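Given chain A's structure and the hints, the job is docking chain B onto it.
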Amino acid sequence: MTTVLQHPAYEEERLQRVAEQLPCRELQAGMLLSLMGEPQHYSYPSIFIYGHRASGKSHVMHVLLKELELPHATVSCVECISVTLLFEQVLLSFFGCDAASLLPRSPSLSDFVRVYRQQCSHSPAKETRYIVMEKAELLRDTDANLLPALLRLQELVEDNVTVILLSEIVWDKFRPNTGCFEPLVLNFPDYSKGELQQILSQDRHPSYSAEFYSSYINILLGVFYSVCRDLRELRHLAALNFSKFCEPLAEGKVKETDTHKLWRNIEPHLKRAMQTVYLREVSSLQWEQMQQMEEKETGALRGLSAHTHVELPYYSKFLLIAAYLASYNPARTDKRFFLKHHGKIRKTKFLKKNEKTSNHLLGPKPFALDRLLAIFYSVVDSRIAPTASIFSQISSLVTLQLLTQVSHDDQLDAPKYKCAVSMDFICAISRTVNFDIVKYLYDFL
Amino acid sequence: TPRHATPSIPSRTLPARQPTNVLEEARTRLHVSSVPESLPCREQEFQDIYSFVESKIIDSTGGCMYISGVPGTGKTATVHEVMRCLQHAADMDEIPPFHFIEINGMKMTDPHQAYVQILQKLTGQKATADHAAALLEKRFSNPAPRKETTVLLVDELDLLWTRKQNVMYNLFDWPTRRHARLVVLTIANTMDLPERIMINRVASRLGLTRMSFQPYSFKQLQQIIMSRLNKVKAFEEDALQLVSRKVAALSGDARRCLDICRRATEICEHSGADPSATGLVGMSHVMEALNEMFSSAYITAIKCASVQEQLFLRAVIAEFRRLGLEEATFQQVFVQHQALCRVEGLQPISVSEGLTVCQRLGACRLLLLEPSRLGVLQRVRLNVSQDDVLYALKSE
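Going line by line, the protein sequences match chains A and B.
Residues in the first sequence are numbered from 289 upward in steps of one, following the numbering used here.
Residues in the second sequence are numbered from 7 upward in steps of one, following the numbering used here.
The following block holds chain A by itself, in its conformation from the complex (with noise of 0.2 Å):
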């Protein structure tokens, strides 16, 4: 707390309100207020902040519009998957529901500028209104007039109002190519270390210290500030291990100030966190039921990437392993693998790969559907005849998703595919067939 905001046209008690509830960010709330001005006073038309997520763009405009009592309309653009839900909902918070009821079907921008002149000539605006559009870089997304028009609505509308968007994406990114009226850009910086750590001692446990809450924040943050520095992520984290750092305490075995022997308990448990919860592997509800369950160790419950088995026919597991040999090898090696007797291998020249990536840094290849039948004949044991259920399960690994056709200008006549299963997948797959896929890759030669 260095600077407590100052405004003439407010009451110090309701600043210092204000101020309590926006810790780190008094250098963008006063900057902010500044701007804002008297209530009378008109303001800059469109006010542009950007920074990264969870850096308190919308927390900050929320508590000062809403501790100041400022009339303001809050969209989320998101939400408003056309420009009637936005325009809509701006009318609603400023005029009420009969404004919003004025709106034709589907209203045109010029219809939202009548509707809200019209409107403001009923009621004028005594203190300055605020539009506050969260989200904003999907306003690009809709009809290519919006985006101007929002910035300057005030010239529009003839109205003391003020659009403010909030996103995480730089100015340069958003400005359409005829130009537009530009706004103030401001920044809301990243939080620091200590900041955070500031932040997330203040929703302590009532039971405990205040020292001892700190304590575990700085141990947490120890472990996740070099892969995570989201407030809201870390205080989720904050929130979910802290029964497991308390553990050692309810059972009397250290006292609150015995810091070491706390850290050298929770952080095997935190760095397991990492790898299961922060990847949402498992999720936040059976963290807590194993933390119950002592015997059981966690990370033992298989999370969700190991759920990647599935029951396929006999066929169609090797359908899928011929598409992914296919996919995976040159086409000139076909002959060396699935033929038998493919004339002299000239071993010294086949042997040395001249190629410097493999195959499986580029990614998958396309291949017509001839080549993947002839490596699935190769690959299978038995005579197969080709039947329609051969065809109809290519397709119906199609439409699970695990291959991909490419081209979609020729269904039936020589189709192209890709693979789109990995590595693991397939593996786990030949083994259930007994089929030794590395041997086949040129990859792994």
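Calculated directly from the structure, the hints in this document are not laboratory data.
None of the values given here were measured: they were computed from a predicted structure.
Where a beta carbon is used, it is the ideal one built from N, C-alpha and C, also for glycine.
Fair warning: there could be bad hints in the mix.
[Unchecked claim] Short derived list, chain B residues pointing at chain A, Cβ under 7 Å: (1) Q365; (2) S378; (3) G381; (4) Q384.
The following block gives chain B in isolation, referenced to the frame of chain A:
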């Protein structure tokens, strides 16, 4: 809420002011909307159209005529004058009475609206496009006693093009009906329009009665202005000749010629402070007006651009030279820009400022840019020739 509001031009409350001096008098006479009684230099074309329409009216048959010519060669004015003369002749009972209607492709929201407008002007009926087409079809194919010849003028024919070309087809097919008594005059800008956009059955029905209006020569332009001014002494002879020569060399557009003359009178009026002026529009005024009209706005824009913008354009050209291509990404140009900044002894600008400069130039169309969401990877092209940019940057 005004749901059915029709846009309209505010009406004039005071009558138009009478011209007080020679220059104002000249300006009203030179206004494009004050079409003179007779059109000079188009006598031959007038005669051709007149005799074509007159013969059709007298024989009570139908036919089509296609009139082409670049803008400002007097196509519409000539046809209107023909119709005025014919109307006059019909009033004097020299020829049988006829009905004249006019449609303009530019004034329609949809090509099929042509049917609606024709029907409304013929009978005053209102109908949907399909219904109107059916009614017109019936009207033109069935015999009726006491039917007058209809003369239909279709301006901006190329806008009536549809994918199946049924509007054009009908317009040219009706005159060939035995009982139609319809004369269709069509106007468009390009000479080879029938060959280019019409399918064979439409082009063949249009027929071979074609007329093309040549651009005016400088003598004709001079004559037009002289006839407009009609003894009002406002211009020096040489000034008029300069205007007409310049315009004739570029386009031969009479409207542009009149515009330049009117602008020159304005310039003359504003510079009337010095006593040495004779009160006539002289060479210098005309030169100034010509420069205003014909000089490229791009060069002026580059000359007035900020230092960083000019530097950026220079960087674009330097990068094009290095690559040997006419296209580069912003990234590549920006490296050149930074180097140029150092050479010029300026503080190198940040990427964000560089993008702002680039997108400002793109917004005034000096550069052609891709959507800004591509960031530093957007490709940059010049919308003006490199020589123009170099010329504008050099003359400082």
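Hints, verified against the model:
no.	hint	verdict
1	Q365	holds, 5 Å
2	S378	holds, 5 Å
3	G381	holds, 6 Å
4	Q384	violated, 10 Å
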